[in-house]
Amino acid sequence: MVHFKKLVGRILFLFFFNIVTASYLCNAQCDSSEQVYTRKTRPAYTIIGAGAGRLLFRDFETSPLFYKGFKGSLFLGRLRLDKKTEALFDFNSMAAATSNNFNNTFNRASYFSTELYYHRLYRICKLSTNQYNTKAGAAIVSTTNLRINEAFGNDAVKGENITNIMGVIKVSRDISRTSEKTMKLFFIKKKLKIKKRALSYQLNIGLINLNYRSVYPFLYSGDSKGIVRDLMNDYALSMNGYRLGSHINYVKYLPNGNGIQYSYYWDIYNAPGKQKAFQMASHTFQISLLFNTK
Amino acid sequence: MLLLAGICAFTSCEKIVFKKDKASKDVYTNFDYLWNEVDQKYAYFEIKQVNWDEIKIRYRAQLYADMSDDSLFNVLGNMLKELKDDHTNLYSPFNVSVYQVDLKHPQNYDSRIVREFYLNPGITITGGFTHNFIANKQVGYIRYESFMNDIKDDELDYVLNKYADTKGLILDLRSNGGGTLTNVSKLLGRFVNEKTIVLYNRIRDGKGRNDFGDYKPFYAIPSENIKYLKPVMVLIDRGSYSATNDFSLATKALANLVLVGDTTGGGGGLPNGGQLPNGWTYRFSISQSADLNKNNFAEEGVPADIPAQLNLQDRTHDAIIERAVLELL
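Quick note, the sequences are listed as chains A and B, same order.
At position 253 of the first sequence (counting the first as 1) the number is 289 in our numbering, and the numbers step up by one without a gap.
At position 60 of the second sequence (counting the first as 1) the number is 85 in our numbering, and the numbers step up by one without a gap.
Rather than coming from a laboratory, the hints here were simulated on the basis of the structure.
Be careful, since some hints might not be right.
Said to hold, decoys possible - If you want a taste of the chain A side facing chain B, the calculated C-beta under 10 Å gives, among others:
no.	residue
1	Leu92
2	Phe96
3	Ser99
4	Gln315
To be verified - Taking lysine-lysine and the DSBU-like style, the derived pairs with C-alpha atoms no more than 30 Å apart in a straight line are:
no.	chain 1	residue 1	chain 2	residue 2
5	B	Lys319	B	Lys252
6	A	Lys330	A	Lys231
7	A	Lys76	A	Lys162
8	B	Lys81	A	Lys310
9	B	Lys106	A	Lys194
10	B	Lys40	A	Lys312
11	B	Lys252	A	Lys261
12	B	Lys81	B	Lys44
13	B	Lys40	A	Lys104
14	B	Lys319	A	Lys310
15	B	Lys255	B	Lys241
16	B	Lys45	B	Lys232
17	A	Lys229	A	Lys288
18	B	Lys220	A	Lys261
19	B	Lys47	A	Lys312
20	A	Lys310	A	Lys194
21	B	Lys277	A	Lys261
22	B	Lys252	B	Lys192
23	A	Lys261	B	Lys177
24	A	Lys104	B	Lys44
25	B	Lys232	B	Lys47
26	B	Lys187	B	Lys255
27	B	Lys47	A	Lys194
28	B	Lys109	A	Lys312
29	B	Lys241	B	Lys252
We put the CB at the ideal spot given by N, CA and C, even for glycine.
Build out the structure end to end from the sequences listed, making use of the hints.
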């Protein structure tokens with residue numbers, strides 16, 4: 037099983053390495069008739085979003101049981117994109133109320149998380165057409181969690197950082213209505229205006245997976261000013277585990293250049309660390325406003 | 026690949042990726058889980074000379090497949106009691122297992138006697154501290170019920186300022202079952218003039234039952250607020266447990282703090298929590314406390330510098346307070 041996972045990991049790494057390399061090389065060969073943007077002229081959006089969804093996690097250090105619950109999140113991002121390249125930087129803050137009630141032993145765990153994400157993608161010409169645009173590249177994502185489960189006494193508060201360098205592939209389809217149409221449904225007749233819309237699917241796969249977790253519960257030194265130092269004393273960095281993510285985005289652009297984006301995010305990671313694994317999966321539906329700043 | 030990822034995205038792929046849910050009510054699964062957790066993390070097997078392997082054989086034999094939750098609780102709870110440790114508990118929705126070390130020894134604190142004949146009249150309650158002058162206002166008596174009661178600087182300033190002109194203080198920590206170590210350091214900081222190592226802690230960090238990390242010092246750091254540097258008699262008994270045990274151990278390194286009463290109950294280790302596959306939770310000690318010579322005797326209790334016992338026949342005097350007053354005057 038371990039060998040299988042390593043093999044899969046290597047194949048994925050090579051797959052994404054090839055895609056990134058190919059996309060870089062192919063970029064120069066793309067259709068020269070397309071509008072060329074510079075960094076300054078490339079369309080840019082500020083994104084403000086809010087999401088809700090479901091989260092489950094399991095920390096084998098304290099419990100073999102899954103804690104499940106609802107989450108709410110806020111999203112702030114900056115997106116620059118054209119047909120050839122895309123850069124996204126965002127900050128995501130999340131809170132979740134989870135619980136486990138197996139065998140009528142109701143226990144609650146609060147879960148807070150902040151995340152920084154950056155990706156840069158380049159078009160793969162050979163996988164792109166007028167309607168489909170395939171981009172690939174790399175992302176770095178750093179997630180810091182704080183979890184509180186009062187049932188665990190001195191182990192009630194746990195925190196960790198999960199940082200991943202990920203291979204990214206994104207397929208977008210332009211589903212804009214380029215000419216006015218008339219819709220007829222029984223006796224209803226409606227004139228459909230020209231609309232710019234896009235649908236995309238993005239897959240992120242962790243290539244380098246780091247986690248910074250406490251190996252053992254911390255020992256307090258008696259110095260209240262150094263409590264953070266004490267807290268971090270037994271943290272250790274490990275490179276193991278995996279992370280996967282997929283995003284589906286539907287963007288509807290408004291006549292003024294702004295847009296509304298409806299998204300579904302799925303994020304999952306496993307961070308074994310030095311001792312026992314921490315695992316998390318979340319599903320989020322998010323609505324975002326895209327403000328065109330160019 | 027995209028299709029596969031898409032299917033994953035909409036069908037809770039974590040069910041495929043994560044190992045299956047470990048939730049289980051099976052008695053053997055839960056017994057083995059608890060036994061292994063203790064085996065891999067408990068810090069006092071050697072000091073307490075506990076034969077954990079023999080205990081497993083003895084208690085596992087008491088299991089049967091369709092036993093009730095209540096019966097399983099009794100087996101697991103009794104197994105944990107073999108550790109003779111009040112930091113070791115099993116929590117279920119219907120019961121909590123406790124060892125109760127203080128009941129294995131004579132009672133040395135009676136709150137009625139203290140309140141009636143020492144704190145009244147004129148009892149003052151400031152945050153977690155109950156206090157008053159005693160012995161013709163020559164001594165300040167301060168009762169601190171629990172280290173769970175958060176110590177606020179201004180409250181402690183008020184208390185220590187009130188007794189600034191006394192010949193000494195009595196700090197009564199009998200039947201104080203412990204609490205948070207931050208309160209220990211807040212209190213210690215009022216009785217020292219310089220940063221002092223007062224004890225060491227080390228954590229079990231390996232699967233071997235005697236695998237520990239390095240000793241890490243615990244300091245008494247002088248407070249920037251009001252301090253009391255005259256003699257302080259710290260009253261202890263078998264009910265002085267956990268954080269109170271640590272405070273008592275720390276006094277061994279400080280000349281102006283003297284322990285009076287019975288040996289403490291122990292509990293120097295840090296109790297850490299966890300959950301069984303059936304949802305019940307547990308805790309047990311995963312670290313050791315040691316004195317400046319790195320002796321681990323404290324788990325069996327910190328002995329008093331001046332031993333004293335309560336005479337329960339005398340309902341008007343607290344012999345331990347009287348012994349402390351005698352020492353101060």
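> Hint numbers the structure violates, sorted upward?
Replying inline: Result: no hint breaks.
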